[in-house]
Amino acid sequence: MDRDSFLTRVGRASLTSQLPDSVSLSVDLPELPPADLLVLFRSRSQTVSAVVHGPVTRHGVPRAVSGIATGHDASSFMAWDDLPAPGVPSALQAVGMDRVDHVVPSERRIEHNLGYRDVGVGVTGAEAALAESGSVVLAHGEGRPRMASLVPDVHIALVELDRLERTLAHWARKNPTLVTETTNLVLITGPSRTGDIEQQLNLGVHGPRHVHIVMIK
Amino acid sequence: MTQPVTFLGRAEALIGTHEADAVDSGARNFLDLRAKSVEELPALEDLRDRARAIRLHALRHLDRLLAHFADQMQAAGGHVHWAEDAADARQIAADILDRTQSRRVVKSKSMVSEEIELNAHLEALGLDVTETDLGEFIAQLAGDTPSHIIAPVLHMTREDIGRLFADKLGVPYTDDPFELNRIARAHLREVFLRADAGISGVNTAVADSGSIVLVTNEGNGRLITTAPRVHIALMGMERIVSRWEDAAVVLETLARSATGQRLSVYTNVITGPRREQDPDGPEEVHVIVVDNGRSRILAGETAEILACIRCGACLNACPVFRTAGGHAYGSVYSGPFGSIVTPGLHGMDPWWDLPFASTLCGACEEVCPVRIQIPKMLLQLRQQAASEGRLPGWLQAGIARYARITVDPSRWARAKKWASRLSGLISTGRWIRRMPGPARGWTSSRDLPRPAKESFNDWWRANRGS
Chain V
1 MDRDSFLTRV
11 GRASLTSQLP
21 DSVSLSVDLP
31 ELPPADLLVL
41 FRSRSQTVSA
51 VVHGPVTRHG
61 VPRAVSGIAT
71 GHDASSFMAW
81 DDLPAPGVPS
91 ALQAVGMDRV
101 DHVVPSERRI
111 EHNLGYRDVG
121 VGVTGAEAAL
131 AESGSVVLAH
141 GEGRPRMASL
151 VPDVHIALVE
161 LDRLERTLAH
171 WARKNPTLVT
181 ETTNLVLITG
191 PSRTGDIEQQ
201 LNLGVHGPRH
211 VHIVMIK
Chain X
1 MTQPVTFLGR
11 AEALIGTHEA
21 DAVDSGARNF
31 LDLRAKSVEE
41 LPALEDLRDR
51 ARAIRLHALR
61 HLDRLLAHFA
71 DQMQAAGGHV
81 HWAEDAADAR
91 QIAADILDRT
101 QSRRVVKSKS
111 MVSEEIELNA
121 HLEALGLDVT
131 ETDLGEFIAQ
141 LAGDTPSHII
151 APVLHMTRED
161 IGRLFADKLG
171 VPYTDDPFEL
181 NRIARAHLRE
191 VFLRADAGIS
201 GVNTAVADSG
211 SIVLVTNEGN
221 GRLITTAPRV
231 HIALMGMERI
241 VSRWEDAAVV
251 LETLARSATG
261 QRLSVYTNVI
271 TGPRREQDPD
281 GPEEVHVIVV
291 DNGRSRILAG
301 ETAEILACIR
311 CGACLNACPV
321 FRTAGGHAYG
331 SVYSGPFGSI
341 VTPGLHGMDP
351 WWDLPFASTL
361 CGACEEVCPV
371 RIQIPKMLLQ
381 LRQQAASEGR
391 LPGWLQAGIA
401 RYARITVDPS
411 RWARAKKWAS
421 RLSGLISTGR
431 WIRRMPGPAR
441 GWTSSRDLPR
451 PAKESFNDWW
461 RANRGS
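In order, the protein sequences belong to chains V and X.
One point on numbering: in our numbering, the residue at position 154 of the first sequence is 154, and numbering is uninterrupted.
One point on numbering: in our numbering, the residue at position 378 of the second sequence is 378, and numbering is uninterrupted.
Please note: incorrect hints may appear among the correct ones.
[Claimed, not checked] Simulated pairs of lysine to any residue, SDA-like, Cα-Cα distance not exceeding 25 Å: (1) X/36 x X/13; (2) X/376 x V/29; (3) X/36 x V/29; (4) X/168 x X/208; (5) V/174 x X/168; (6) V/217 x V/175.
The hints are simulated quantities; they were obtained by calculation from the structure and are not laboratory data.
As the structure is a prediction and not an experimental result, all values here were calculated from the model.
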């Protein structure tokens, strides 16, 4: 069906539609009791099985990240090119880990993808962290592969302290246009999980089994 | 199909089975999680009002929002297609897959794809289609259909799944959920990375930015929209909100109502295909906007059901759903909302009996995050079924007679006397356990207290009246 006939039909249906009235759209953000955002973020992250580290100084980040990576016995890693702290890739290479290429070629895509099979660690830099839900927000784009927070067994997200926000709605209010500026924005709330088998919680079903969030002062 | 054609027939086959018990305990668990999660929210009622206003606003301006969404998605390099019905949607998807020479297709959970029976169509064309949500993957391996919209294989035990994996995947038998999960992960990881195309649903589209939002907990929804070259999203035409801020409210409400989470693990916002500077992502993004009966619902009395955000809370709260299980509804859309959506999309024939599969207790409306007036619409559909002459003759005649009696005080008084006398003949002690004739069905699953020998009115007249 072409666009015009489709939309005309929808428009015509709306004319006879018996939708109930509703209260007008409220524009205020929900009222929440005051809270220390970092304390809240830490406890909410814990309930979704994500681990919060720090805050550490910017130059303490590479050591913190390589400490987490070696704790998981990882032998390879992916990392964003523009992490909020310098020196992370070289610190991981210094402990013997290989960096996996993250630029997908337009030809031989599947061969490239198969190289992701056993990546140990992915390091990303978060646009924001949401205290109320224990989430991190990743804005993908140049130098920022989506796969880094998806295929490795361990995901390490770096977040600057001043990027903590209360809820998704608060952050969305401050950043109304970011969604149009990036092709892919992802909110991550803890490790990949499923309850599909007898409602038993299982972590790491398709995405990372471990999520570490390193706060930067 | 050998399945019984009525709700009652299907339900009777299920009640008391392991399946119905498992669905019941699973649904209660979801309900507890939801209750805990809403308790912590001081502004819950406010959030529900907002979510309702946002959804109703979108439905009122649906044509305008869809047009704006399509313009924005196209400006971002995506393609938007318009499907009048199921056949149209299947054809569009098949054409895209054919043109892009996609053979291996991975899917994340999409109710619309089940509604239009996409898998069977693609498999008949020789394509290799794999469901990747763990529950859906298990259902696909078993050749079964989902029994709950949030937990598709709520009805299967770990032993069932262990035997299935041993049989179909050639692995040693285990019934340890952790091991079963590991087996599925290893098997599907390979399938994701080798796939040519990914097919997903859409939880909500955002008109202003031309984005689609996909919510998953497992990460499969991200993998199938990142690894393959082509991404096709099937979108029910009502899944849209105006602004990114509105989407934020709907997403919070959805996660809390569905599984008691504050947010789902992955909220994936996609605005067009990979751009030149992006290191990864699909080369092509196609959104298929599906009508398939929705404009008919929008035009009528039950339009409000299109505000549904598919959280599944009404299923979990419904005593009928918990007793019979999702399969009793015989449709992709089960439970209270499904009893309105299914006859709306596919017509009253043969679905007219679904609105009767309810006690009208109102639990569904009470938990609905967008306050949809489900019982009211169920009644409207019952009325429609009756006025179309779809009820069995004895029921229609019985209700007509009952109506004549109740509107006349003297007839009502006489009827009460007769009922009291007759009940003496068929009751056991204080209860009537079996009624005669066509009324037998009513007592097949419930007991009726025996009417008192003397009515309250008679007692009042005798003892207190002047």
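Structure-based check of all given hints:
{"no.": "1", "hint": "X/36 x X/13", "verdict": "violated (34 Å)"}
{"no.": "2", "hint": "X/376 x V/29", "verdict": "violated (31 Å)"}
{"no.": "3", "hint": "X/36 x V/29", "verdict": "holds (22 Å)"}
{"no.": "4", "hint": "X/168 x X/208", "verdict": "violated (45 Å)"}
{"no.": "5", "hint": "V/174 x X/168", "verdict": "violated (50 Å)"}
{"no.": "6", "hint": "V/217 x V/175", "verdict": "holds (22 Å)"}
The earlier numbered hints that this structure contradicts are 1, 2, 4, 5.
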